[in-house]
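K.L.:
Heads up: the sequence lines are chains V and A, in that order. Just so we're aligned: 64 in this note's numbering is position 81 of the first sequence, and the numbers increase by one with no gaps anywhere. Just so we're aligned: 27 in this note's numbering is position 44 of the second sequence, and the numbers increase by one with no gaps anywhere.
Calculated from the structure, these hints are not laboratory results. Some hints here could point you the wrong way.
Which copy? The list can't say, so a pair holds if one copy fits it or any two copies do.
Simulated crosslink set (DSS-like; lysine-lysine; CA at most 27 Å straight-line) [as the list claims (entries may be wrong)]:
1) Lys41 to Lys183
2) Lys141 to Lys41
3) Lys210 to Lys183
4) Lys183 to Lys18
5) Lys186 to Lys49
6) Lys201 to Lys141
7) Lys141 to Lys210
8) Lys141 to Lys186
9) Lys233 to Lys87
10) Lys233 to Lys151
11) Lys233 to Lys183
12) Lys210 to Lys240
2 protein chains.
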Amino acid sequence: MENIAHKFLVLSGKGGVGKSSVAVNLAVWLSMQSKRVGLLDIDIHGPSIPKLLNLESKGVQAAGDKIRPVSYSDTLKIMSIGFLLPDESNAVIWRGPMKHNLIKQFVTDVCWAELDYLVIDCPPGTGDEPLSVIQLVGNADGAIIVTTPQQLAVIDVKKCITFCRQLKLPVLGVIENMSGFTCPHCNKNIDIFGSGGGEKAAKELQIPFLGKIPLDEKIVVSGDEGKPFVLSEETPTLKAFTEITNRIEKLAEASVKARTR
Amino acid sequence: MENIAHKFLVLSGKGGVGKSSVAVNLAVWLSMQSKRVGLLDIDIHGPSIPKLLNLESKGVQAAGDKIRPVSYSDTLKIMSIGFLLPDESNAVIWRGPMKHNLIKQFVTDVCWAELDYLVIDCPPGTGDEPLSVIQLVGNADGAIIVTTPQQLAVIDVKKCITFCRQLKLPVLGVIENMSGFTCPHCNKNIDIFGSGGGEKAAKELQIPFLGKIPLDEKIVVSGDEGKPFVLSEETPTLKAFTEITNRIEKLAEASVKARTR
Chain V
-16 MENIAHKFLV LSGKGGVGKS SVAVNLAVWL SMQSKRVGLL DIDIHGPSIP
34 KLLNLESKGV QAAGDKIRPV SYSDTLKIMS IGFLLPDESN AVIWRGPMKH
84 NLIKQFVTDV CWAELDYLVI DCPPGTGDEP LSVIQLVGNA DGAIIVTTPQ
134 QLAVIDVKKC ITFCRQLKLP VLGVIENMSG FTCPHCNKNI DIFGSGGGEK
184 AAKELQIPFL GKIPLDEKIV VSGDEGKPFV LSEETPTLKA FTEITNRIEK
234 LAEASVKART R
Chain A
-16 MENIAHKFLV LSGKGGVGKS SVAVNLAVWL SMQSKRVGLL DIDIHGPSIP
34 KLLNLESKGV QAAGDKIRPV SYSDTLKIMS IGFLLPDESN AVIWRGPMKH
84 NLIKQFVTDV CWAELDYLVI DCPPGTGDEP LSVIQLVGNA DGAIIVTTPQ
134 QLAVIDVKKC ITFCRQLKLP VLGVIENMSG FTCPHCNKNI DIFGSGGGEK
184 AAKELQIPFL GKIPLDEKIV VSGDEGKPFV LSEETPTLKA FTEITNRIEK
234 LAEASVKART R
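So that you can see chain V by itself, here it is in the shape it has in the complex:
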């Protein structure tokens, strides 16, 4: 872990807000800027990173007494419990203490080599897994909290921020995903999950707001096909996303400076 310059946790208070999609696209985008990136998926019950990157058939290999992560590209390495399950319908029926041990192994025994960024995709909520990883990783730059705009999701953002504060993990900021939708036929706006709830919560809680990603059926398709949308042609969604990642990079630099001062 000491050879990793920046560590982020991607958290969400609620499931299904696109947290793994944000984590994958952030990791791929950073790796496309010639950064050396690791992506660690600690969602033990529902690992979705292998599917999102079309790596379901891959397995991990031993490297001495360490585990070698799966290479997505020269600059991006991935580790997920999905690589250890015999097939995708297998359920991991483990209680908290066993999950803690697995996460410990993921944190200590994966040979990432030197990394500029480690992006950690946590399962939703404030349960055993994020608690374990925060305690085990130490010295993370902070948490990126993903939400959708509706009130029900925003309540869970507040829980998430309370959780980070109690564990003394800095919050880098909030991303509002599935924010607003434009009909592809008539180009009119449709408020499916609403818009602005995440931004409002960030303001209330005095947390940086990182930006909005519109709801876009192409993102769902790109997820199902295992092709991150940052690899696609320029779209309003991609533009919104790159602005967010630029903000995250700057905040990460500032966080490290503050820590080493």
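Since the structure of chain V is already known, use the hints to place chain A on it.
P.N.:
Chain A in isolation, oriented as in the chain V frame:
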């Protein structure tokens, strides 16, 4: 628990698929048919039932050495950890063993009195909470699995079914939520999360398919306002939902008959 005729668990492999919304509307709808219904929310990190029913200001009271559930109506009683938290931004930072103890209390110490139905809303995934409740409740009619149509969600349905089979919990069926979307401006179909994925998975895994609920921005609003959509006027969504609940009632009767034969 022995005074409860039917017990259902509402499960999902993945978060954000509308599981709690289905659980709430199922419970309210059954209670509107003059059934005596209990709704137990065991999502400890993100309880959303109090918000969905506009009961956030309510607290539970003691009744001797038991806990009295909150009354939504004469025929519907609710229990959720949300009623025990000082405010909605509080996060429960507990590991598995403490969660097991809380669920045990919820199962044994809440005075539901006689019920026709107990609907149990579980957190997403196959973690400590559903594992505990399945073991503690005993003799449930079965699980209702909620999914969205995209492939990524369907993988998690398979995990969920494997989980139920390993724990010998019957699966009543699969509900496909957020299935298809019609633009309210131009009335054209838009495939946001696709359609048919849950139905296909049910067929593959030889599990009854309970039906599709369309994506409907009115459901999001009704959730945020704390008014279950089964109380609203007749809409295609409501029609789809009542057909699903009719199927569930029939399956529940058959499940009890099979058990007592």
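K.L.:
Now look at each hint and say whether the structure bears it out.
P.N.:
Verification of the hints:
In this assembly of identical chains, Lys41 and Lys183 lie within 27 Å of each other by CA distance solely across copies; the values are 25 Å between and 41 Å within a copy. With identical chains, the CA atoms of Lys141 and Lys41 are at most 27 Å apart between copies only, with a shortest distance of 20 Å across copies and 37 Å within one. Taking the shortest alpha-carbon separations for Lys210 and Lys183, only the inter-copy value of 23 Å comes in at or below 27 Å, while the best intra-copy value is 32 Å. Taking the shortest Cα distances, Lys183 and Lys18 never come within 27 Å of each other, neither inside one copy (32 Å) nor across copies (41 Å).
With identical chains, the CA atoms of Lys186 and Lys49 are never at most 27 Å apart, being 43 Å at best within one copy and 41 Å at best between copies. In this assembly of identical chains, the alpha carbons of Lys201 and Lys141 lie at most 27 Å apart only when taken from different copies (24 Å versus 29 Å within one copy). In this homomeric assembly, Lys141 and Lys210 come within 27 Å of each other (Cα to Cα) only across copies, at 22 Å, whereas the closest approach inside a single copy is 32 Å. In the homo-oligomer, the alpha carbons of Lys141 and Lys186 lie at most 27 Å apart inside one protomer (11 Å), although the nearest pairing across protomers, at 39 Å, exceeds that limit.
Proximity of Lys233 and Lys87 under a CA criterion of 27 Å is satisfied in neither setting, with 29 Å inside one chain copy and 47 Å between copies. Proximity of Lys233 to Lys151 under the C-alpha cut-off of 27 Å is restricted to the intra-copy arrangement: shortest distance 21 Å within a copy versus 51 Å between copies. Only within a single protomer do Lys233 and Lys183 lie at most 27 Å apart by alpha-carbon distance; the minimum there is 22 Å, versus 45 Å between protomers. In the homo-oligomer, the alpha carbons of Lys210 and Lys240 never lie at most 27 Å apart, since the shortest distance is 34 Å inside one protomer and 48 Å across protomers.
Consistency note: the structure conflicts with the earlier hints numbered 4, 5, 9, 12.
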